[in-house]
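Peer 1: Numbers 0 to 119, taken from numbering that gives the first Met the number 0, label the letters of the sequence shown in order.
Quick caveat, the hints were computed from the structure, so don't treat them as lab data. Take every hint as true, because none was put in to throw you off.
Below, in silico cross-link-like pairs of lysine-lysine (BS3-like), each with a Cα-Cα straight-line distance of 30 Å or less:
(1) Lys-66 to Lys-55
(2) Lys-91 to Lys-55
(3) Lys-91 to Lys-81
(4) Lys-81 to Lys-66
(5) Lys-66 to Lys-91
Pairwise CB distance ranges, derived in the manner of DEER restraints:
(6) Asn-82 to Val-60: 30 to 36 Å
(7) Asp-108 to Ser-17: 25 to 31 Å
(8) Arg-13 to Ala-79: 14 to 20 Å
(9) Asn-58 to Arg-22: 29 to 35 Å
(10) Arg-28 to Asn-63: 26 to 32 Å
(11) Gln-26 to Ser-98: 30 to 36 Å
(12) Cys-16 to Glu-101: 27 to 33 Å
(13) Gly-83 to Leu-36: 19 to 25 Å
(14) Thr-43 to Glu-114: 18 to 24 Å
(15) Ser-10 to Ala-100: 24 to 30 Å
(16) Ala-79 to Ser-11: 15 to 21 Å
(17) Arg-18 to Glu-101: 29 to 35 Å
(18) Glu-71 to Arg-15: 16 to 22 Å
For every residue, glycine included, the Cβ atom is placed at its ideal position computed from N, Cα and C.
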Amino acid sequence: MDARPGQGFPSSCRLRCSREYTRIWRQGRRCHTTHLLVIAASGTAGTRLGISVGRKVGNAVCRNRIKRWIREYFRLQRAAIKNGVELSVVVKPGAAQLSHAEFDQQLQDAFRRLEVCADA
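Please construct the entire structure, taking both the sequences and the accompanying hints into account.
Peer 2: Quick look at the structure:
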């Protein structure tokens, strides 16, 4: 099943190597929420996303569900995110107990505080 045009999550929208994560961690602005750490840095390759979910968060099923939620939120909000922003989302332990709506609310709060959306 293909995504709607313009709403996919191609590899050009992903952070892929440790060098990219390291640069964002060194240069980016951080925002902590109860269950997330979001780091935003300006980049040259367009709007991109990296996700880190450690084993302390939960089992593989929980970790993969959380990653799907983050990718879905990013995919739906990508048009509103300023061009050239690279994001790294680190999920903290305890996030597995959140509902999808609560998780989206934490992501929205972090994005708003980091002012990565064009309408913020």
